[in-house]
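Mind docking chain B on chain A? Use the hints.
This is what each chain is made of:
2 protein chains.
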Amino acid sequence: MSTIDTNFQQTGESIRLLARSGKFHTPTITSAPGFVQANLIVLPSRLAPDFRQFCARNSVPCPLLAETPIGIFDRLKSHIPGLTGQQIAGDLDLRSDFPRYMIYDNGRLTKSHVANIEREWTGDHVGFLIGCSFSFDAALTKAGLPPAHTLWGRNVPMYRTRVPLCPAGVFKNSTYIVSMRPYRRKDIEKVRDITRPYLITHGEPIDWGWDAVERLGISNIATPEYGDAPVAPDGTELVQGFGEGDETLEPVFFGCGVTPQEAIQRAGLEGRVFAHAPGHMIVLDIKDSDITRDN
Amino acid sequence: MSTIDTNFQQTGESIRLLARSGKFHTPTITSAPGFVQANLIVLPSRLAPDFRQFCARNSVPCPLLAETPIGIFDRLKSHIPGLTGQQIAGDLDLRSDFPRYMIYDNGRLTKSHVANIEREWTGDHVGFLIGCSFSFDAALTKAGLPPAHTLWGRNVPMYRTRVPLCPAGVFKNSTYIVSMRPYRRKDIEKVRDITRPYLITHGEPIDWGWDAVERLGISNIATPEYGDAPVAPDGTELVQGFGEGDETLEPVFFGCGVTPQEAIQRAGLEGRVFAHAPGHMIVLDIKDSDITRDN
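If you read the sequences in order, they're chains A and B.
Here the first sequence stands for residues 1 to 295, numbered as in the working numbering.
Here the second sequence stands for residues 1 to 295, numbered as in the working numbering.
Just chain A, with the same shape it has in the complex:
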């Protein structure tokens, strides 16, 4: 009997079922490679129209993949042309299929990294799934450009920026959150080309280079607001001055689905809101090839 590569057998559904049963509670960085992952926002129904508009106006950080009918946690309405909610994720429970959750009350984080939100979900909540940049990490790896954090079993570093989002109704005073992957200067155009078709999972980088740290208003590259501290591809601390000329290692910044969690805090929304714990995503039934789009 041949040996079984359990990692190879992972599917979106298998990860969801493990999370649902409480057996999976870590970041999903390398889970079920090639399957699309997603961020979560769950809102009281009266806030849903403004949030939908907020996503439409800020589609790079907040690409809306699907939402639930009011109060429903096991069925999706698709926002991806050509795909149904059932195709995006069939066997589904948004209350427990993420490895970890965050709970916000009146815009403030009140519970962090809880296992599920089964008791908290009410008949008035609407769930939204938002694209995640993990979706193109497999494509980068396949092209010989694995993101440094994936080589060392770390969560991706995520930073608060000063770049404003377009307001929509109650969602105002928000700024981009970005994820970061370091690359050599000579590889950055290739990274842009590979990630460009992933339009609904943040797409190509929004900025790059050491100059971008100041341009985006990131306070300290060594201390991200979410995720793990950044490392170079060799596992050492990421610092400026590694390599020369085209070999210079530079930070590359992407839109990040943690952005709406910040937006919820900035808006100081009344009521109870749920989200996933950053890096702890839901894994869907669709694959990267289902969502990439050439123009």
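Check before you lean on any hint, since a few could be wrong.
Intra- or inter-copy, both count: the list cannot distinguish identical chains.
Unchecked claim - Lysine-lysine pairs mimicking DSS-like chemistry, simulated, CA-CA at most 30 angstroms apart:
| # | residue 1 | residue 2 |
| --- | --- | --- |
| 1 | K172 | K186 |
| 2 | K142 | K23 |
| 3 | K142 | K172 |
| 4 | K111 | K77 |
| 5 | K172 | K77 |
If you're looking for bench data, these hints aren't it; they were derived computationally from the structure.
All figures in this text were calculated on a predicted structure; none of them were measured in a lab.
Relative to the frame of chain A, chain B by itself:
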């Protein structure tokens, strides 16, 4: 015989035909109220995929309404769900239906405010129509909140900002251009509500208040980069300190379809690109009610 209000009889088509025959060459601020107006970008076909992506990633300043097949100037392919190109504008000639045009060579403005681009258009050009904020000026006026510039027959003031756009292929290093309409502080939420449904013509403001001038990186409110200098509703110069408390007159900034013209210059594109002269729009056959969208 009753008198005829010629202004009332204006339609999108009548303005297009006047422009086409060389009889109309002014800004279209108050032309055919209620009919949707649009900005123009015409690119060599090899740049079209990147531009389409650029619009998708920056849909507030660059909402893509329609484009032409390669080399075609009299037929549109619609990007508005539920509307055909023929419905958007039937009798059409993108080479002459705008009152005035700009010509860029290799990313530099080489001709300004020309009457038409009939001789310049080639079999390789693709035309793009982008939403225009003039579309909601009629709705604001109807609600008793006429934009100040419309009261005094002036072009809307437009400003360069430091707020970065999301890059897409060759389109990088760009920032938002914004149009500005001053309103009393107490009316700003009403202005946001009225403009919010106009998602594909820039929608609600991106920022507001005197603090926003610095936040957006606008160098001087008195000297816009495009259009006319701003005026208060009473026709006097717009300055800080007009009114008190809720009556304070404040600048309100909207996404602006001149943004892609700046993007073309920033990208330093090789080849010949055409655009409309800022404020000198094409007027379409569709009306505002055809494009507003409630969430």
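To see whether the hints hold, each was checked on the structure:
no.: 1; hint: K172 x K186; verdict: between (38 angstroms within a copy, 17 angstroms between copies)
no.: 2; hint: K142 x K23; verdict: within (29 angstroms within a copy, 59 angstroms between copies)
no.: 3; hint: K142 x K172; verdict: between (39 angstroms within a copy, 26 angstroms between copies)
no.: 4; hint: K111 x K77; verdict: within (28 angstroms within a copy, 49 angstroms between copies)
no.: 5; hint: K172 x K77; verdict: within (26 angstroms within a copy, 34 angstroms between copies)
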